[in-house]
Amino acid sequence: MNETNLWLLFVIPAIVGALLLVIPMTARYLRGVISTVTAALLVYLAINLWGQQIEINLPWAGFGIDFQLRYYGFSQFIVTAITMFAFLITLYSTKFMVDKPKSNQFYGFLLLTEAMAIGAALANNLIVMLFFWEGLLITTFALISLGSEKAFQTGLKSFIIIGLSDLCLTMGIGIIWVQAKTLVMSEINLDTAGLNGVAFVLMMIGAIGKAGAMPFHTWIPDAAEDAPLPFMAYLPAALEKLLGVYLVARIALDFFTLTDGMRILVMSIGAITIIFAVMMALVQKDFKRLLSYHAISQVGYMILGIGTGVPIGIVGGLFHMINHAMYKCCLFLTSGSVESQNGTTDLNQLGGLWRQQPLTMICFVVAAASISGVPPFNGFVSKEMIFEGALEMGSAYRIFYVAAVLGALFTAASFLKLGHAAFFDKVDPKKPRVKDAHWTMQLPMIVLALTCIVFGVWHKLPLNGILKPALMESMDKVIDKGIHFEFGFGPLFWTTVLILTFAILNHWIGYKLTGKGLGASHHIYELPGLHQIYDLAEKQTFDPYVQGKRGGRYVVKGLFYIDRGVDWFYQKLVPATANKIAQLRQIHNGLYANYLSWSVGGLLLIILYFLLSVPK
Amino acid sequence: MENVILLAILLPIIGAFILPVIGRFSAKIRNITALLLVTTSFGASLSLLGPVLSGKTTTFLLSMPLGFDLILTADALGILMALASSFVGIIIVMYSFGYIHHDANQNEYYLMVVLFLGSMIGLVYSQNLIFIYLFWEIAAICCWRLIGFYREREIVLKADKAFLITVFGAVAMLLGFVILYSQHNTFNLLEMQGKEASSLAVLLIMFGIFSKSATLPFHTWLPDAGVAPSPVTGLLHAAVLVKIGVFAFARIFVGTLQFDPVWMQILPIVIAASALVAGGAALVDTNIKRIIAYSTISQLAFIFLGLVMKNPIAIAGGLLFIIMHGLAKGGLFLCAGIVEHNAHTKDIRQMGGLITKMPITTVSFALCALSIMGIPPFGGFFAKYMIITGAVEGGNPWIAGVFILGGFITVLYVLRLFALVFLGEMRTDLVNVKEGSNTMLAAVVILGVLSLLAGFLVHFPNEFIQIALEQMKVGI
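So the sequences go chain by chain: X and W. Residue numbers for the first sequence follow my numbering, beginning at 1 and rising by one. Residue numbers for the second sequence follow my numbering, beginning at 617 and rising by one.
Hints in this document: simulated from the structure, not taken from any laboratory. Where hints are given, some of them may not hold.
[Said to hold, decoys possible] With beta-carbon atoms standing in for the labels, derived distance ranges:
1. W:His718 - X:Val546: 31 to 41 angstroms
2. W:Ile757 - X:Ser186: 38 to 48 angstroms
3. X:Arg398 - W:Pro975: 55 to 65 angstroms
4. X:Asn104 - W:Ile757: 24 to 34 angstroms
5. X:Val98 - W:Pro975: 41 to 51 angstroms
6. W:Asn801 - X:Val614: 25 to 35 angstroms
7. X:Thr344 - W:Thr902: 57 to 67 angstroms
8. X:Tyr609 - W:Ile757: 49 to 59 angstroms
9. W:Ile757 - X:Gly590: 51 to 61 angstroms
10. X:Thr4 - W:Thr1044: 28 to 38 angstroms
11. X:Pro544 - W:Gly969: 22 to 32 angstroms
12. W:Pro975 - X:Val457: 35 to 45 angstroms
13. W:His800 - X:Trp598: 49 to 59 angstroms
14. X:Tyr609 - W:Phe684: 50 to 60 angstroms
[To be verified] Covered stretches of chain X, as calculated for chain W (at least 3 residues, CB under 8 angstroms):
15. 131-142
16. 170-176
For every residue, glycine included, the Cβ atom is placed at its ideal position computed from N, Cα and C.
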């Protein structure tokens, strides 16, 4: 019975999703309602399964590729979270997407995405995981392309970037099969010497490519502008983080035993992602684009936390993952609420919304406080844990701690600016007044905002109820004693207070200088040195996709000319040679003397051959 | 059962010559007869499946002097290939009804197509090198007539080019066969089992195989062959011609003879170069059929990589990719045929936005394209994974890395093609473009859906491939 339920968990959304794509429906809300009901059913199924241990094992393609699923502490956490986010987003979309062009395909792909994500989280065989994982490429591309006219360009960009990281993952898995002689995820345990190290790096590329860390992030800000908004809340904010960081955790904790060098590599990726993405976020002038840079920056914290290898850091990283999914999802939904009522998310045209959209504003404030690490919201708890993890690494690794703290500072600053600009800045009096969004859109935001508070104030609940069983297997000795985190007025608390004070101070300075909330980061943008870097970034100089396209063009041209060169051989050289040989016919001039001399010469050659080949 | 093998081969080969006679009276009956001939041949191969699944092979033997014995064996490898080819063949013949029915010389067209398929079936069951060569050259002649089907001078020159290059290769290969004969005193592959081939023979035979399977540096005739009608290019790429070379490699060097280990160093480098060069060319070219042709060259490299590595997972991947590539590439060409037929251009710069006008073709094209790229849940995914893994297992992680790059280039050029043809803005002169005819759409939908199902049901082909591996004594 339980096994059947596990199957249903990803078969139902796959089938319903496929049917929604194929069957034409004209009723306005029908697709939305069907998907919401389906998503609700899946939440029910997932909760029903909670706490059980189920394994499914079927032969599939041979060579270690078996259809193996495993429902246990870690996957139950990811799967349940996926179903809940999917439910909230579908509910939100029923109203948001209803009259959008091309929305008829939206729900089908939404449910297919859910099926793939659940399958990837449940897999206990690397190929099964890759099967679902890479399958997300298609639905991601499709969902992005459903946005604006030009959205398919961004869809292609995401397909190519994630596709590359998935190909690396494929090869990493191939190496693991050769080295470990198994694809069963619960049995793999390798060191990182030689070829294993290559496998580790390739697997990590696959994982962080999905999570959207640098340098695989550049499609996310573009998608924020082009793709339908629920997509942003669904994939880059929630599902991709859940899956990507889940895999990072499995790689770093279960599959490989890391050396210090590898640890530093992982933590560096985390630290670089935090700093650069948050600096970009700080100067954005579009609600959604700003959020999308934070979706990148926050991954850095998760990777950094897991990379520390210190129990509190790992737990903090994973706790940050689920917290981030909640508040970032909530933030994107508030931006959608703003967009649907005002028709734009350009911060220059927004302002004073607190009076017109009070509920949206409250949800925004709660989520923004969480992401900025204000106590007692959930983001504060997980960030503190990551700080602590980074500190425990010892003084040689202090740089990572500094990066984390700096990131927190700029995160807080950019959310002060965003909130100020959207909700509190002076409003253009000519702009028509708007009402707050429909209740189906408000409900998901409220639920998420409330959970942010619950997970912050009663953090022991998720820490011991969700994360402890999840990490039981990988870190049994450490976890047995339970995960401890106490609010206290130690140095870390004061660090947070200091960060927030600086952020507010910085905001105040910026506000005084420009007179607008939106201008609060302008003085940072204008800093000498930084200004030039920002200019280059705006010209996409740092986008590996754009640069790769430029550089790749020459390589491709070169390959093309090799091909043409080979063809020249057949088209020109061979016929020309044939023509030259044909000129030999002039030897046939009809003179007997000539023919005779040819014959004698030939005869001599034959005699010579026989003479030489006579055995002595 | 032995006579069933003869039926599978001779029915299309002899039946083909009756088609023009029927065609003088009724085009419709001729078309149906052609379809029946190919279907019956498919059915005959299918009926040979039973014994193979229970571990036996069926052999037909006709003794002849001078080592020219006609030996036909229906083993797992042969049946796998015969089924894959004749299945795609059926789809393509069906598609031709819609595509070709305005053109002249239809009698010759159906004669050549059916003869082509018959020679392929003959080749896959032959165990005598001389008969392999014989069927090989019948295929070359059919291919020559079919590429030059539209009789303009330019086109005929391209057909000549294809014919000359492949025949040059085939003659070199024949020399190689003669050397093998002088070494082992037989043309019978069954008697050569496990013996060593001299490097000169390997070199000469590889000329033939690479020229037929369009691998660098003998590949440029294949993009040029795109001047043929689309079902013909589909046939060349998916079912028959280029698969002959790959198959011959599997038959001769994987299943039968051993070669010097130095070839294990040389061949991967050649095919890796082939994959990259073809991929680069596909990213630059602007003719829809040439791009797909270059993609065939780069994907053939994947198949070769699998077969060259000589370990079970790699070979299984290579054989699996023969099937998956056949289905998907056939679909791509037939979709391209619909596009080219209705939009009256092959230049992808002059297309765009066709998704609104031909949604079914677009979806089928996308399904096949995803399989070629190796994206799950499509069939190509498993094959590519197994090939890459096999390359690592064979001790060539660098080559595997190059092929990951090749796989990435594949993603790039297929996406570029798809985006330029089907997405984006519609050009004004394409506003009146319509979907293809029903039989044409049915053909592409079948291939697209099968590419998808093959991923979920990869269990079945793989189990069969395991039997083929056992019969080829791989890994022993």
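Checking against the hints above, which ones are violated?
Failing hints, ascending: 1, 2, 4, 5, 7, 8, 9, 10, 12, 13, 14.
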